[in-house]
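Chemist: Work out the full structure: start from the sequences and follow the hints.
Chains as they are written, first to last, in the numbering used here: chain A, 1 to 98; chain B, 1001 to 1213.
FYI, nobody ran anything at the bench for these hints, they're computed from the structure.
Watch out, some of these pointers could steer you wrong.
[As the list claims (entries may be wrong)] Stretch by stretch, here's where chain B covers chain A in the computed footprint (C-beta under 8 Å, at least three residues): (1) 20–33; (2) 84–94.
[Claimed, not checked] Partial list, derived from the structure: chain B residues whose beta carbon lies under 10 Å from chain A: (3) 1010; (4) 1012; (5) 1016; (6) 1019; (7) 1021; (8) 1024; (9) 1026; (10) 1027; (11) 1028; (12) 1029; (13) 1100; (14) 1102; (15) 1202.
Every residue, glycine too, gets a C-beta built ideally from N, C-alpha and C.
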Amino acid sequence: MAELPDLDPVVHGKLRLAVLSLLVGVEEADFTWLREKTGSTDGNLGAQMMKLEEAGYVSMQKQFAGRKPQTVYRMTPAGRKALAKYVVALKKLLGAAL
Amino acid sequence: MANFEAEEGTTRDDLVQRVALMEEMIAEGRRSTIRFGWIFVLWGLIDLAPVGWQLAVPHSDWVEIWSWPIAIACGFVIQSVVMAILRRRSGVVCGSNIRGRSISAVWAMMGLTAMLYFAGAMISHKAWQISFVVAMLMFVGMAHGTSAMILRWRAQGLVACVWWIGGIALFFLSNRYWLQIFVSEMCFGMIGFGLYAMWLERHDSAVEGRTNG
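Modeler: So, in structure tokens, the structure goes:
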């Protein structure tokens, strides 16, 4: 098996990878939608989103949808680059099987 | 649903699972954001409204001049409001992937071209020459055809052919048939196609609900 260092550990986490994969196809998504799609809990998703934010892979914005507060996430260019790099690294590790 | 507890797997199986997870989530994001059938239904009705209005109030210069601009302006307002409501309900903004942007661009530019063409024809009082109506049908056919190629969707390709056939047929038929052809195209190529797309979207959601449940 090839070494792990080729894979970005921030992207490699399953929930973080799921979130990035969801965000890559949409302009922005709110917390509730991401939680529904990943089937995760508030606490776990919140913690992972913070890690992605700290890495600069997603940006967060708090806003109101009518009277309801909404936390909206958007993938940053750095996040797109990191995901693309991760896919290339995965391809290398898995070789022709991919 | 994926198990998000086991975080740091590095075996080959784990990596293959990561690939599957990415594919599943990317597809999930796309499936959730593609809701466009209603737009075809809306614009089919919007385009039929001025025709109905002119038939209801014949020989009115005001209606003849303003029915189309008013209908199109209403269409834009309704579309913007419904899109904002859908966005608020679903929690996502529509897809920004290349495919989604390509299709949006095709329809937006078709709309802009048709509007400029229409404005020019109205100002120069040439809007009801048969070649004007043919060009309009061809524009819509081109947009459907391009979208069908991007999506590799045969049903939409068939709809494009219907628009093109209608346009060409108008060249050979008497001028008095333009209304029948225009209304038929709108009913089949916009409203009918939109309802079919809405049915597909609903069907996909139902399948998705059953698999997740």
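Chemist: With reference to the structure, classify each hint as holding or not holding.
Modeler: Status of the hints after comparison with the structure:
1. 20–33: It holds, with 12 qualifying residues against the three required.
2. 84–94: Contact hint for the segment 84–94 of chain A vs chain B: holds, 4 residues under 8 Å.
3. 1010: holds (5 Å)
4. 1012: holds (6 Å)
5. 1016: holds (7 Å)
6. 1019: holds (6 Å)
7. 1021: holds (6 Å)
8. 1024: This hint holds: residue 1024 (chain B) lies near chain A, its Cβ roughly 8 Å from the closest one there, short of 10 Å.
9. 1026: holds (5 Å)
10. 1027: With Cβ-Cβ at 9 Å, under 10 Å, it holds.
11. 1028: holds (6 Å)
12. 1029: holds (4 Å)
13. 1100: holds (8 Å)
14. 1102: Violated. Min distance 14 Å.
15. 1202: violated (18 Å)
Hint compliance for this structure: hints 14 and 15 are not met, and every other hint is.
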